[in-house]
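Peer 1: Listed below, chain by chain, are the residues.
4 protein chains.
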Amino acid sequence: MNVGFLGLGGMGRGMAASLISAGHHVRVWNRSRDPVDALVRAGADAAATPAEAFRGDIAITMLADDAAIREVGLAGPLLEGAPASLLHVNMATVSVELTRELAASHAARGLGYVAAPVFGRTDMAAAGKLAIIAAGATAAIERAWPLFEAMGRRTWQLGADPVQAAAAKIAGNFMLAAAIESIAEATTLASRYGVPPAGLLDILTNTLFDAPVYRSYGALIAGRKFEPAGFRLVLGLKDVRLALAAGEAARVPLPLASLLRDTFLEAVAHGDGDLDWSAVAEVSRRRAGPDR
Amino acid sequence: MNVGFLGLGGMGRGMAASLISAGHHVRVWNRSRDPVDALVRAGADAAATPAEAFRGDIAITMLADDAAIREVGLAGPLLEGAPASLLHVNMATVSVELTRELAASHAARGLGYVAAPVFGRTDMAAAGKLAIIAAGATAAIERAWPLFEAMGRRTWQLGADPVQAAAAKIAGNFMLAAAIESIAEATTLASRYGVPPAGLLDILTNTLFDAPVYRSYGALIAGRKFEPAGFRLVLGLKDVRLALAAGEAARVPLPLASLLRDTFLEAVAHGDGDLDWSAVAEVSRRRAGPDR
Amino acid sequence: MNVGFLGLGGMGRGMAASLISAGHHVRVWNRSRDPVDALVRAGADAAATPAEAFRGDIAITMLADDAAIREVGLAGPLLEGAPASLLHVNMATVSVELTRELAASHAARGLGYVAAPVFGRTDMAAAGKLAIIAAGATAAIERAWPLFEAMGRRTWQLGADPVQAAAAKIAGNFMLAAAIESIAEATTLASRYGVPPAGLLDILTNTLFDAPVYRSYGALIAGRKFEPAGFRLVLGLKDVRLALAAGEAARVPLPLASLLRDTFLEAVAHGDGDLDWSAVAEVSRRRAGPDR
Amino acid sequence: MNVGFLGLGGMGRGMAASLISAGHHVRVWNRSRDPVDALVRAGADAAATPAEAFRGDIAITMLADDAAIREVGLAGPLLEGAPASLLHVNMATVSVELTRELAASHAARGLGYVAAPVFGRTDMAAAGKLAIIAAGATAAIERAWPLFEAMGRRTWQLGADPVQAAAAKIAGNFMLAAAIESIAEATTLASRYGVPPAGLLDILTNTLFDAPVYRSYGALIAGRKFEPAGFRLVLGLKDVRLALAAGEAARVPLPLASLLRDTFLEAVAHGDGDLDWSAVAEVSRRRAGPDR
Numbered sequence: 013m014n015v016g017f018l019g020l021g022g023m024g025r026g027m028a029a030s031l032i033s034a035g036h037h038v039r040v041w042n043r044s045r046d047p048v049d050a051l052v053r054a055g056a057d058a059a060a061t062p063a064e065a066f067r068g069d070i071a072i073t074m075l076a077d078d079a080a081i082r083e084v085g086l087a088g089p090l091l092e093g094a095p096a097s098l099l100h101v102n103m104a105t106v107s108v109e110l111t112r113e114l115a116a117s118h119a120a121r122g123l124g125y126v127a128a129p130v131f132g133r134t135d136m137a138a139a140g141k142l143a144i145i146a147a148g149a150t151a152a153i154e155r156a157w158p159l160f161e162a163m164g165r166r167t168w169q170l171g172a173d174p175v176q177a178a179a180a181k182i183a184g185n186f187m188l189a190a191a192i193e194s195i196a197e198a199t200t201l202a203s204r205y206g207v208p209p210a211g212l213l214d215i216l217t218n219t220l221f222d223a224p225v226y227r228s229y230g231a232l233i234a235g236r237k238f239e240p241a242g243f244r245l246v247l248g249l250k251d252v253r254l255a256l257a258a259g260e261a262a263r264v265p266l267p268l269a270s271l272l273r274d275t276f277l278e279a280v281a282h283g284d285g286d287l288d289w290s291a292v293a294e295v296s297r298r299r300a301g302p303d304r
Numbered sequence: 013m014n015v016g017f018l019g020l021g022g023m024g025r026g027m028a029a030s031l032i033s034a035g036h037h038v039r040v041w042n043r044s045r046d047p048v049d050a051l052v053r054a055g056a057d058a059a060a061t062p063a064e065a066f067r068g069d070i071a072i073t074m075l076a077d078d079a080a081i082r083e084v085g086l087a088g089p090l091l092e093g094a095p096a097s098l099l100h101v102n103m104a105t106v107s108v109e110l111t112r113e114l115a116a117s118h119a120a121r122g123l124g125y126v127a128a129p130v131f132g133r134t135d136m137a138a139a140g141k142l143a144i145i146a147a148g149a150t151a152a153i154e155r156a157w158p159l160f161e162a163m164g165r166r167t168w169q170l171g172a173d174p175v176q177a178a179a180a181k182i183a184g185n186f187m188l189a190a191a192i193e194s195i196a197e198a199t200t201l202a203s204r205y206g207v208p209p210a211g212l213l214d215i216l217t218n219t220l221f222d223a224p225v226y227r228s229y230g231a232l233i234a235g236r237k238f239e240p241a242g243f244r245l246v247l248g249l250k251d252v253r254l255a256l257a258a259g260e261a262a263r264v265p266l267p268l269a270s271l272l273r274d275t276f277l278e279a280v281a282h283g284d285g286d287l288d289w290s291a292v293a294e295v296s297r298r299r300a301g302p303d304r
Numbered sequence: 013m014n015v016g017f018l019g020l021g022g023m024g025r026g027m028a029a030s031l032i033s034a035g036h037h038v039r040v041w042n043r044s045r046d047p048v049d050a051l052v053r054a055g056a057d058a059a060a061t062p063a064e065a066f067r068g069d070i071a072i073t074m075l076a077d078d079a080a081i082r083e084v085g086l087a088g089p090l091l092e093g094a095p096a097s098l099l100h101v102n103m104a105t106v107s108v109e110l111t112r113e114l115a116a117s118h119a120a121r122g123l124g125y126v127a128a129p130v131f132g133r134t135d136m137a138a139a140g141k142l143a144i145i146a147a148g149a150t151a152a153i154e155r156a157w158p159l160f161e162a163m164g165r166r167t168w169q170l171g172a173d174p175v176q177a178a179a180a181k182i183a184g185n186f187m188l189a190a191a192i193e194s195i196a197e198a199t200t201l202a203s204r205y206g207v208p209p210a211g212l213l214d215i216l217t218n219t220l221f222d223a224p225v226y227r228s229y230g231a232l233i234a235g236r237k238f239e240p241a242g243f244r245l246v247l248g249l250k251d252v253r254l255a256l257a258a259g260e261a262a263r264v265p266l267p268l269a270s271l272l273r274d275t276f277l278e279a280v281a282h283g284d285g286d287l288d289w290s291a292v293a294e295v296s297r298r299r300a301g302p303d304r
Numbered sequence: 013m014n015v016g017f018l019g020l021g022g023m024g025r026g027m028a029a030s031l032i033s034a035g036h037h038v039r040v041w042n043r044s045r046d047p048v049d050a051l052v053r054a055g056a057d058a059a060a061t062p063a064e065a066f067r068g069d070i071a072i073t074m075l076a077d078d079a080a081i082r083e084v085g086l087a088g089p090l091l092e093g094a095p096a097s098l099l100h101v102n103m104a105t106v107s108v109e110l111t112r113e114l115a116a117s118h119a120a121r122g123l124g125y126v127a128a129p130v131f132g133r134t135d136m137a138a139a140g141k142l143a144i145i146a147a148g149a150t151a152a153i154e155r156a157w158p159l160f161e162a163m164g165r166r167t168w169q170l171g172a173d174p175v176q177a178a179a180a181k182i183a184g185n186f187m188l189a190a191a192i193e194s195i196a197e198a199t200t201l202a203s204r205y206g207v208p209p210a211g212l213l214d215i216l217t218n219t220l221f222d223a224p225v226y227r228s229y230g231a232l233i234a235g236r237k238f239e240p241a242g243f244r245l246v247l248g249l250k251d252v253r254l255a256l257a258a259g260e261a262a263r264v265p266l267p268l269a270s271l272l273r274d275t276f277l278e279a280v281a282h283g284d285g286d287l288d289w290s291a292v293a294e295v296s297r298r299r300a301g302p303d304r
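Residue numbers (our numbering), protein chains in the order written: chain X, 13 to 304; chain P, 13 to 304; chain C, 13 to 304; chain G, 13 to 304.
Fair warning: there could be bad hints in the mix.
Cut-off 30 Å, straight-line C-alpha distance, at most; resulting in silico cross-link-like pairs (DSS-like, lysine-lysine) [stated by the list, open to error]:
(1) C/LYS141 x C/LYS250
(2) X/LYS141 x X/LYS250
(3) C/LYS250 x X/LYS250
(4) C/LYS237 x C/LYS250
(5) C/LYS237 x C/LYS141
(6) P/LYS250 x G/LYS141
If we take Cβ atoms under 7 Å as the criterion, some of the chain X residues that face chain P in the derived model are [stated by the list, open to error]:
(7) ALA115
(8) ALA116
(9) ALA190
(10) LEU216
(11) GLY283
If you are wondering where the hints come from, they were derived from the structure by calculation, not from laboratory data. In this text, all values refer to a predicted model and were calculated from it rather than measured experimentally. For glycine and all other residues, C-beta sits at the position ideal for the given N, C-alpha and C.
The whole structure should be built from the sequences, with the hints applied where relevant.
Peer 2: Rendered as structure tokens:
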């Protein structure tokens, strides 16, 4: 298939590479040049502007956040020049508000729009093993299916409204942040009673919490090893904010998300914004004062 | 081994049965008579009073809470008549405060004391598949080891101070409650955007949250099926209180536990105290108002 | 003085009338026509467009919120046609972000900008008895001083940066919301022990809490009389959001503001958004379940 | 009247002195001897034991907390030897649980029991200017009235059940703590935008928050002057705990009290427990990180 790809961050470059490996013809654009060059060496074409990439059969976007999407012109200008048959598949995590706006603006111009955010880290993106959550018109999702198969190990189809996928992704990220906070408070508490975090986590991840999330973040928190960042804390704060905004728009109080917001904000205020988001555990430690 | 066993609730009766099956000689006591009779039919001896059960090589207690332990006399009177060589293994979830008190009072009388709370539900207790967290003098834990092997699939040895096991168990239960609350808020949020709870949980438990806790509580919450209660909500509130009390004694702020306290309390105030503790999810739903 | 006045809501109309009474020449604009006519009868000139009002010596704006200010064109277009000597005095409660943006955009065009939000309700606006918090260049504030004297009983001058006044106003409104929530929880608690809210408030407002805020909101909460709304609950939610946004921008965690957000949101979710914001007390009542 | 008085802390000694000044015959007891001697010089008789003081027409207790009351024997032994006509007026702030227990145990022995906690600091106690909240049988309160008139500037009579007064006092103290927290967060926020705390408080205490509480605590927080402690932070934490316990017993969620608990606990964890409770404001400052 003829695919445009905008946004070659840690995730995007792996995803684009997976598409190339699967035999698709990929035209890539990125704000900075380096990742473009790397993918060109792997067989992609370079697009000099977002507009050049935003055409073909399907255009995939994997930009950083709402602001980046607006900057590139996807909330308006870029749609004007797009071919009538283009299907836009947005795989980034964005707000429910922007998702609704994009769904409406694409529909108004007769363009297809599918929201297909992903779970998984950069290594899974590179290996084509992402978990993909897709929502949008059935025909559109079917059209994009071969691309999903190239990038993911499994795709869930949620429904016809793209906001469903946006909300599901936001809810999932919120649960991740909540799990981290619970590990943080639990290990701080136990450690003050002589139970080292690694000891507590060894028990829990071999019993009730035998899940990737608890194993990976538990190890980072127990080892206080927050660099290099798998996912930066400031991005975690952004995701918590997406949950709160989605809650406000739908009038859903989310006290746990509010608590996370303040805790992440406290971490940023103490200079930990560029560490892995599991570094939020340091907030719990600090609040408990010096160990006695 | 010659074992006394006090407390034949849903968990205790399965544990005592496991000991009998393993060939130990077990003398059982319970406040109500029925479970005693059932175990006698399985080969146990009946103890007419707590004191009669609180002797032999090892006495195991699996009573409901701090109050039940005090009522039976374990915080004092019962220790007076105990044989000098008795080892008391307390497998119930109790406060760090009572744990410290019991450790001290047993030591003052030369009696051994091991805290060995468990993770697992009644079916795992009956099958001898519990996860056991033990703390106390090494020699004492070694003495009790054959009993742990009969009741559990694995035992973790945490250290010489019984409070370590109490704190680890309390921290684990807190994390369970936190996981339930995060599922509750996430599913309420997603459902207001057209994603049914079961759909969200299908994605999450097949990706990041592939853990027993999320599967089991997720299913209950998605199905709004809170009876019969696997673990009663009022007991969940009690456990959150144990975490808060442990935090206060060690000066560890636990904002997430505080949030859980208020949420569980709201559930109890609305008459849901005897439902499964995953029914706390109804609080999130109710707070979000009628669906629109 | 020759004054333009944009925004004739409940507050703005009283403020404009105070200016007319003080002998100033006032040209008024409002989105809807009725309040314009009323003020014309009192001696104002009508402006047909925002641009017509945004000139003279000083233009005062008292628009509803950030969005209304942007809509009218104050974040850009309106500034283009403004006379070089114009001083813009924004007396509405707006975000710190917009305040910074307006300060910069006015400065870039050589226009003066003063932030001068007010405390006080509509009756105080009509009586020229507002409390005014002004920040901006000293010379600019001096120029506006006669107008402040016409509209207020007292004006505080905070400093040269308009964001100081915006932040002070936001902080004050947050404290109001916090006081309401504290009354709500306290009266709910006391009432469950047989102390009627009015009884509790009689004690407190005659002792430690002998302040207008506690007297007025206390009476509304005790009487459960939330209509007509002195200040609508949805606007209270907006103000809490302004505090949270200001906190995020300056990296100040505000757990109490977060709690207020969720409580106000719960009130809105239950259909109480158009009641007086003291109706947030009903959330506390409801959470405590039916009285027993 | 013939009055026994137990508990001569900062408050109690002023109250007992007020009784002596009013011409009553007062027999005083205190755990430590110094305050007894001082009052004897002022005209009191010394009681060598609590039992000696717990007789006469009326016995007033002003002990530190629940534990002190139990220690002295008021939850049982002391009542045995009391004369049948004795009226016990407990003016300390105690839990609703203990209040109920004392009301019942006194009634069982035919003794009168009135709960009459007070608002006011030590200087007001010494000046006989306390605000007194009394609940208990009408006849009993009438009997104690001359004493209330000697100690207070005004007494509120709440009803026949002593728990009403206990709950009202606990609710009032909770509101004080909430006001302090709101000042803390508001001043931290404003200060990060260039508004000094004293400047913000000057505005607020001259407008909406023109109340003793905001003036006094505002000054302490703005000046960061937390010694000597007017009311120690650890006692503030105790009072928040009383509110939470009262909430739990009546099934009233109190999210703001929970937030206060964690904030006070964080202050204690950082070594500020013996400062004035307004020092809890330092927690907000610290959470916001170093000023930039």
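Peer 1: Confirm or reject each hint.
Peer 2: Hints and how they fare:
1. C/LYS141 x C/LYS250: Roughly 25 Å between the alpha carbons, so the hint for C/LYS141 and C/LYS250 holds.
2. X/LYS141 x X/LYS250: holds, 25 Å
3. C/LYS250 x X/LYS250: holds, 20 Å
4. C/LYS237 x C/LYS250: holds, 22 Å
5. C/LYS237 x C/LYS141: holds, 26 Å
6. P/LYS250 x G/LYS141: violated, 42 Å
7. ALA115: violated, 12 Å
8. ALA116: violated, 15 Å
9. ALA190: This hint holds: X/ALA190 lies near chain P, its Cβ roughly 4 Å from the closest one there, short of 7 Å.
10. LEU216: At 6 Å from the nearest chain P Cβ, X/LEU216 passes the 7 Å test, so the hint holds.
11. GLY283: Violated, because the Cβ-Cβ distance from X/GLY283 to chain P comes to roughly 21 Å (cut-off 7 Å).
Checked against the numbered hints above, the structure breaks hints 6, 7, 8, 11 and satisfies the rest.
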